Amino acid sequence: MAAEAVIVTEGLTKVYNGQVAVDHLTFSVYEGEIFGFLGPNGAGKTTTLLMLLGLTEPTSGKATVVGIDPTREPVKVKRVVGYLPEHVGFYRDLNARQMLRYIAELNAIPAAEAEARIARALDIVGLAQEADKKIDAYSRGMRQRLGIAELLVKEPKVAFLDEPTIGLDPDATNRMVELIQQLSQERQMTILLSSHQLYQVQRICHRIGIMIRGRMVAQGPMERLAAEKFGIEGEQHTLEEIYMKYFQEA
Amino acid sequence: MHGLKTIMKKELADHLSSYRFLILFALIAMVSLVTAYMAGVNLSKELEGIAKPRHVFLMLFTSAGIRISLTQFVALFGPLVGLVLGFDSINRERNEGTLVQLLSQPIYRDAVINGKFLAGVAVIAVMMVSIVLMITGLGLLIVGVVPGLEELGRVALYLVISIIYVAFWLGVAMLFSILFRSMATSALAALAVWLFFSFFVPLGASAVANVLAPSTAEAAALVRRAQLERALSLISPMELYSHGTVAVIDPLRRTTRSLVQVGVLEQLSLTRFSGPLPLDQSLLVVLPYIITLVALTCVCFGVSYTAFMRQEIRSL
Numbered sequence: 001m002a003a004e005a006v007i008v009t010e011g012l013t014k015v016y017n018g019q020v021a022v023d024h025l026t027f028s029v030y031e032g033e034i035f036g037f038l039g040p041n042g043a044g045k046t047t048t049l050l051m052l053l054g055l056t057e058p059t060s061g062k063a064t065v066v067g068i069d070p071t072r073e074p075v076k077v078k079r080v081v082g083y084l085p086e087h088v089g090f091y092r093d094l095n096a097r098q099m100l101r102y103i104a105e106l107n108a109i110p111a112a113e114a115e116a117r118i119a120r121a122l123d124i125v126g127l128a129q130e131a132d133k134k135i136d137a138y139s140r141g142m143r144q145r146l147g148i149a150e151l152l153v154k155e156p157k158v159a160f161l162d163e164p165t166i167g168l169d170p171d172a173t174n175r176m177v178e179l180i181q182q183l184s185q186e187r188q189m190t191i192l193l194s195s196h197q198l199y200q201v202q203r204i205c206h207r208i209g210i211m212i213r214g215r216m217v218a219q220g221p222m223e224r225l226a227a228e229k230f231g232i233e234g235e236q237h238t239l240e241e242i243y244m245k246y247f248q249e250a
Numbered sequence: 001m002h003g004l005k006t007i008m009k010k011e012l013a014d015h016l017s018s019y020r021f022l023i024l025f026a027l028i029a030m031v032s033l034v035t036a037y038m039a040g041v042n043l044s045k046e047l048e049g050i051a052k053p054r055h056v057f058l059m060l061f062t063s064a065g066i067r068i069s070l071t072q073f074v075a076l077f078g079p080l081v082g083l084v085l086g087f088d089s090i091n092r093e094r095n096e097g098t099l100v101q102l103l104s105q106p107i108y109r110d111a112v113i114n115g116k117f118l119a120g121v122a123v124i125a126v127m128m129v130s131i132v133l134m135i136t137g138l139g140l141l142i143v144g145v146v147p148g149l150e151e152l153g154r155v156a157l158y159l160v161i162s163i164i165y166v167a168f169w170l171g172v173a174m175l176f177s178i179l180f181r182s183m184a185t186s187a188l189a190a191l192a193v194w195l196f197f198s199f200f201v202p203l204g205a206s207a208v209a210n211v212l213a214p215s216t217a218e219a220a221a222l223v224r225r226a227q228l229e230r231a232l233s234l235i236s237p238m239e240l241y242s243h244g245t246v247a248v249i250d251p252l253r254r255t256t257r258s259l260v261q262v263g264v265l266e267q268l269s270l271t272r273f274s275g276p277l278p279l280d281q282s283l284l285v286v287l288p289y290i291i292t293l294v295a296l297t298c299v300c301f302g303v304s305y306t307a308f309m310r311q312e313i314r315s316l
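Protein chains in written order, with this note's numbering: chain A, 1 to 250; chain B, 1 to 316.
No lab work stands behind these hints: they were computed from the structure. Here the structure is a predicted model, which means the values were calculated and not measured. There could be a bad hint or two in this list.
[Stated by the list, open to error] In silico PhoX-like pairs for lysine-lysine, Cα to Cα no more than 25 Å straight-line:
no., chain 1, residue 1, chain 2, residue 2
1, A, Lys76, B, Lys5
2, A, Lys76, B, Lys9
3, A, Lys133, A, Lys62
Sequences and hints are given; from them, build the entire structure.
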């Protein structure tokens, strides 16, 4: 891909109490792509995302997001990056509209513009009917979609989605995947997607990175990873086969 | 700056619409109104026949209604307001996952804690001011006195000190909400600190003073014991606050020390001149306590601030 690199890390390392969570991570994500960020639980994916957001300081190494160093200028990074954490939390006493309004205010989006964006976002994620219900009453799928609505209101250049389909039923998963694809195609967002649902990742991701025990063991388009591991060009492999192969070798 | 303002606005709205606040406010308003009413009724009885009573208005706050006066009530239970407003401010957001959400928006991290603290202080201020205004209104009705300018100044000063005092406890509660993950733990820890400083320190000070300086018939020993007890009890913010407000609200008080500790010449002047002190002189008497109280509040908030800024945000 000839596009520019939006996320670049070089030797990014994080040590928590003597335990290496992220070990000299070097990878890049290019503009407009969906990058599938795979790896077992505890591989350091979330820690990496937090470092890229400037919420955690790296022990060593460097990272830039849209040319900004998240450690030095966390607020600037957070202006261009939207983050959907694994366990999305919302204020239970608010309704969806109030929640989105709060997010818009925190992002200093002018009120009139914010209202327009909120109405559009609620429409896209299909929550317009439930917008005035308290979030407390929302199902898991609705909450995840509200998380996407937040991204639509914020309109970041880059979105970090941490396990956005975890715990969703098949129908909700499909809707979520479609929404993510929409973010990428219609808004040209660069998306870093961490997930365990390999079939979905295979469907929508342009490139894939596999992280095991804090290290990136492979990155590239799926066909290339398959060719590297199985050695036969043109043979069809599911992502699951590739992932398991890397996982067993690591 | 917009982050701070936004967060403060939201926290304020949360507080004011929460049941917790409404219950607390109803309770405190009720007690202070009853206390002030009783005090007012007692006052008007006592003042009958006195030709030209002075500073009657201030006595509404200091004379005992049902056993305790309003100022004592605030000293004892004002901290609960601070604790209730702050004990779950950070750990609730952490447990519900909203903290990561909030911190991934383009705001500085300290906007979160500053906004929460300022919103809490604003709520405390609203509460205290409205209680004092209610009592003032009642006083005008029952006793029929109109406060003079100086009296109003004293009440305003009393309000400021009280808000700082309750804000100190808000800071304590917020500190625990940062240090402990569980809301129950932080609530209990804050309550324990309150109980310790408000009940055990004053009691313990007397016990420790007895051991360290046993009272004998000698005058010097008595003075030593009184000084020791006082110094020890001042560990408690409640004692600091009581000492800090007593001369402000009561112009006839010229010292915060008990009679035993006062020197000979001072005793002489106390008995000779019993007129009220002007406001600035009263202020001079209590200034050390007020400064200590402000310093304590700053230290407490400062510790919370650093703890919060250094904490790792692991999404859980």
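*Hint by hint, which ones does this structure get wrong, listed from lowest number up?*
Failing hint: just 3.
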